[in-house]
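Chains as they are written, first to last, in UniProt numbering: chain A, 1 to 464; chain B, 1 to 464.
Hints may contain errors.
[Said to hold, decoys possible] Facing chain B, from chain A, some residues (calculated, C-beta under 7 Å):
hint, residue
1, 3
2, 31
3, 35
4, 37
5, 67
6, 68
7, 226
8, 237
9, 445
10, 447
Calculated directly from the structure, the hints in this document are not laboratory data.
Predicted model only: the values in this text are computed from it and were never measured.
Yeah, the Cβ is synthetic: ideal placement off N, Cα and C, and Gly gets one too.
Protein chains: 2
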Amino acid sequence: MSYFDAASSAPLHPVARQALHASLDEGWADPARLYREGRRARLLLDAAREAAAEAVGCRPDELVFTPSGTRAVHTGIAGALAGRHRTGRHLVVSAVEHSSVLHSAQAHRDAGGTVSEVPVLRTGAVSPDAYADALRPDTALACLQSANHEVGTEQPVAAVAEACRAAGVPLLVDAAQSLPWGPVDGGWSLLTGSAHKWGGPAGVGLLVVRKGVRYAPQGPADERESGRSPGFENIPAVVAAAASLRAVRAEAAAESARLRELTDRVRARVPELVPDVEVVGDPVDRLPHLLTFSCLYVDGETLLHELDREGFSVSSGSSCTSSTLTPSHVLRAMGVLSEGNVRVSLPLGTPAEEVDRFLEVLPRAVAAVREKLGAPAGVPAGAAGAGSPAPDVLVVDALGKRCPIPVIELAKVIDDVPPGGTVRVLSDDEAARLDIPAWCEMRGQEYVGEEPVAGGTAYVVRRA
Amino acid sequence: MSYFDAASSAPLHPVARQALHASLDEGWADPARLYREGRRARLLLDAAREAAAEAVGCRPDELVFTPSGTRAVHTGIAGALAGRHRTGRHLVVSAVEHSSVLHSAQAHRDAGGTVSEVPVLRTGAVSPDAYADALRPDTALACLQSANHEVGTEQPVAAVAEACRAAGVPLLVDAAQSLPWGPVDGGWSLLTGSAHKWGGPAGVGLLVVRKGVRYAPQGPADERESGRSPGFENIPAVVAAAASLRAVRAEAAAESARLRELTDRVRARVPELVPDVEVVGDPVDRLPHLLTFSCLYVDGETLLHELDREGFSVSSGSSCTSSTLTPSHVLRAMGVLSEGNVRVSLPLGTPAEEVDRFLEVLPRAVAAVREKLGAPAGVPAGAAGAGSPAPDVLVVDALGKRCPIPVIELAKVIDDVPPGGTVRVLSDDEAARLDIPAWCEMRGQEYVGEEPVAGGTAYVVRRA
Numbered sequence: 001m002s003y004f005d006a007a008s009s010a011p012l013h014p015v016a017r018q019a020l021h022a023s024l025d026e027g028w029a030d031p032a033r034l035y036r037e038g039r040r041a042r043l044l045l046d047a048a049r050e051a052a053a054e055a056v057g058c059r060p061d062e063l064v065f066t067p068s069g070t071r072a073v074h075t076g077i078a079g080a081l082a083g084r085h086r087t088g089r090h091l092v093v094s095a096v097e098h099s100s101v102l103h104s105a106q107a108h109r110d111a112g113g114t115v116s117e118v119p120v121l122r123t124g125a126v127s128p129d130a131y132a133d134a135l136r137p138d139t140a141l142a143c144l145q146s147a148n149h150e151v152g153t154e155q156p157v158a159a160v161a162e163a164c165r166a167a168g169v170p171l172l173v174d175a176a177q178s179l180p181w182g183p184v185d186g187g188w189s190l191l192t193g194s195a196h197k198w199g200g201p202a203g204v205g206l207l208v209v210r211k212g213v214r215y216a217p218q219g220p221a222d223e224r225e226s227g228r229s230p231g232f233e234n235i236p237a238v239v240a241a242a243a244s245l246r247a248v249r250a251e252a253a254a255e256s257a258r259l260r261e262l263t264d265r266v267r268a269r270v271p272e273l274v275p276d277v278e279v280v281g282d283p284v285d286r287l288p289h290l291l292t293f294s295c296l297y298v299d300g301e302t303l304l305h306e307l308d309r310e311g312f313s314v315s316s317g318s319s320c321t322s323s324t325l326t327p328s329h330v331l332r333a334m335g336v337l338s339e340g341n342v343r344v345s346l347p348l349g350t351p352a353e354e355v356d357r358f359l360e361v362l363p364r365a366v367a368a369v370r371e372k373l374g375a376p377a378g379v380p381a382g383a384a385g386a387g388s389p390a391p392d393v394l395v396v397d398a399l400g401k402r403c404p405i406p407v408i409e410l411a412k413v414i415d416d417v418p419p420g421g422t423v424r425v426l427s428d429d430e431a432a433r434l435d436i437p438a439w440c441e442m443r444g445q446e447y448v449g450e451e452p453v454a455g456g457t458a459y460v461v462r463r464a
Numbered sequence: 001m002s003y004f005d006a007a008s009s010a011p012l013h014p015v016a017r018q019a020l021h022a023s024l025d026e027g028w029a030d031p032a033r034l035y036r037e038g039r040r041a042r043l044l045l046d047a048a049r050e051a052a053a054e055a056v057g058c059r060p061d062e063l064v065f066t067p068s069g070t071r072a073v074h075t076g077i078a079g080a081l082a083g084r085h086r087t088g089r090h091l092v093v094s095a096v097e098h099s100s101v102l103h104s105a106q107a108h109r110d111a112g113g114t115v116s117e118v119p120v121l122r123t124g125a126v127s128p129d130a131y132a133d134a135l136r137p138d139t140a141l142a143c144l145q146s147a148n149h150e151v152g153t154e155q156p157v158a159a160v161a162e163a164c165r166a167a168g169v170p171l172l173v174d175a176a177q178s179l180p181w182g183p184v185d186g187g188w189s190l191l192t193g194s195a196h197k198w199g200g201p202a203g204v205g206l207l208v209v210r211k212g213v214r215y216a217p218q219g220p221a222d223e224r225e226s227g228r229s230p231g232f233e234n235i236p237a238v239v240a241a242a243a244s245l246r247a248v249r250a251e252a253a254a255e256s257a258r259l260r261e262l263t264d265r266v267r268a269r270v271p272e273l274v275p276d277v278e279v280v281g282d283p284v285d286r287l288p289h290l291l292t293f294s295c296l297y298v299d300g301e302t303l304l305h306e307l308d309r310e311g312f313s314v315s316s317g318s319s320c321t322s323s324t325l326t327p328s329h330v331l332r333a334m335g336v337l338s339e340g341n342v343r344v345s346l347p348l349g350t351p352a353e354e355v356d357r358f359l360e361v362l363p364r365a366v367a368a369v370r371e372k373l374g375a376p377a378g379v380p381a382g383a384a385g386a387g388s389p390a391p392d393v394l395v396v397d398a399l400g401k402r403c404p405i406p407v408i409e410l411a412k413v414i415d416d417v418p419p420g421g422t423v424r425v426l427s428d429d430e431a432a433r434l435d436i437p438a439w440c441e442m443r444g445q446e447y448v449g450e451e452p453v454a455g456g457t458a459y460v461v462r463r464a
């Protein structure tokens, strides 16, 4: 039973549990009331705010608690955009932000605003220059995550904050993934976080708005949390969130070094143990506990089930594991393989033995999935065609077939055309657009391009 | 130590505490994930939804959990208005709704919509006919609380729902105060609630949207909770909320009868024990655990402090206890006295002895406050003027003085004018507009009306 999906939600930290239990007796009353139960609740809330502010590196009156990280992002972006609507209605985000940021951007577009998405390098990081180029005189707000939630790549926040400062644009940093490991450097203006990502309870996010940043709360008024987060305060959870953030920070330096060794081990060993794997994300500038790789010819959902049966809980950005049947926007923006995608994010305290057992189990699990799918692993491709004259152009009709079948079919026939000959893969699966070029890069084949065809797209590959 | 403010927030029910503890171990993972921890979390969430839906009287797929009752109201009103924007942009609310409803109405006004506020009778209830008259062809939504949070009066929800049905208008019922006692009758379309009002944890509200009601979620998209409540689900709290609602309902019939006896006792005894008191709210159609009264010549904040020192935690709708220095909009809409206002709302299980002790303490506390303020209680008013000729018109300059001083000054001089003579009270305190007419009604004097004067208003009273 190894839970390797801390980036989705970390198990409750023991300190969070203790603090929650302790404050249930003291923190249930309305902190706006003047009687003793209200005063006690107010004291707890104030103390939690101070502790959280110290961990984040801001003043207590700059920080409000929200019901979740998602709500912190929605609220912060809407308030910052409204506060600067006289400057303009242009919003800048990176292409690999969390969905809460991208959904806020879409809502802004729907309301008549404009949005620029800054592309990322193959590592998943934005280039500070590219980010700076996206800033305009009418830019009201810029958003950049501190580190990516799917591949762990750290973003150049300090450099981007400096570019934003020079342009007079406030920068909102979604720090959900990095906050357990330390405060966010650089001159950011707004910051958001989520307690259940650091082992705090669900139900608590935080939103920091630096003094002097123009900010206009949106939606119906409410006097709680400085008018920035409506609804009755969830004090026991807030106390548990602040206490666990302090506790996690106390362990961060040692635990970060230990987990980085473990994730380095997985990053190095997986390509040795499993053929046709791409490890993605920046190898150095990354979160210590998180790594991601993709496996050719593998159905992500089936692989997750195999690993779950073996006692490993991981997540995936493959299209077949999402309700929308599109691959992760992060992998797409990076231009890396999405099929057979696996994200491993280790909770604090993960024993090395569990990671070693994962490395033992993984090759068998991948091989089992590939065998079920009839993938070409281990079988010399093109063997069936030996002896017959090779056609110059081969068409693979994979219409109606889902990831990873189109890539598997391509791999099976590539050696049936002569070098210089082409294979046209017909597919209506969104993942093919990402995975066929990624396959070409991994296998040293030439990706020519795509053309529309009836019912889908033809992806054209030239044999090297 | 008697906590008599359950209507603000109820102490955590033992079942809520148990359920919370138990589900912290099982409910921290992401219920959208397919691995075992995610599946366990999903099972807990589904079971909680079924239990809550059964208690509310709706289908599980009609109910979503929100981070608070306030958020449920904000979300529900915005979604229902948007879902029917083609019908029109008219919203109907009662004048005594919770601030979350009235703030939503204000946000709707600010966005160009129109709002009708249905007035209430002196009991605090709307008249179904008056409510029906407010419905128009362009009415997109109507809102009515199930029972009032400040005076306990139950609203005629079933009759108003019938009028709404006849007019083709959906009715949203804010059931925050009544949900512990039973489901809301009648053909409502949307319903909201708040767990910490029934002894559940903070951080959980609920929003019900009946099948077939037009509804368009507002704000950035998010796939959780049927797209109606963004952010990571707070499963341990949701489980505790549902479990405690069931537990409270199991006690409701017996406890409701017992608490009604206690509140009946207070309603009857307070006017006998304390001179110059008005008990407000409907004497019969009311919540079992809640009662409210106002005391002439009393500063609400000082009275709350006196009671707190004696170990009683109550709340007040007096202007001097609010940050805005205006009296409660509920008392104002009812046209009843607001000064020296006290709301008593008994938690489940309140011992009769605590209520008896409250009746012992209250008269002393009120007398102490009146003495501090130099109020006329017990002293024959007008004694100082005996012997001198009585002027026909007397002016009391109470400009710059806060509630309850203007009324005290009026009471001191009323006998200094002859029957038929008038007193003009100059005041710039918002509470005077409510409390001077209320004083006249209580003391059998004639309230003539108000006139603007430099720096405030003159309230004119004729001696009977």
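Taking the hints in turn, this is what the structure says about them:
1. 3: Where the cut-off is 7 Å and the nearest Cβ of chain B is about 6 Å from residue 3/A, the hint holds.
2. 31: violated (10 Å)
3. 35: Hint on residue 35/A: holds, closest Cβ of chain B at ~4 Å, below 7 Å.
4. 37: Holds, because the Cβ-Cβ distance from residue 37/A to chain B comes to roughly 6 Å (cut-off 7 Å).
5. 67: Nearest chain B Cβ about 3 Å off; hint holds.
6. 68: holds (3 Å)
7. 226: Residue 226/A check fails; min Cβ-Cβ to chain B is 13 Å, beyond 7 Å.
8. 237: holds (6 Å)
9. 445: At about 33 Å, which exceeds the 7 Å cut-off, the nearest Cβ of chain B leaves the hint on residue 445/A violated.
10. 447: violated (32 Å)
Violated hints, in rising order: 2, 7, 9 and 10; the structure is consistent with all others.
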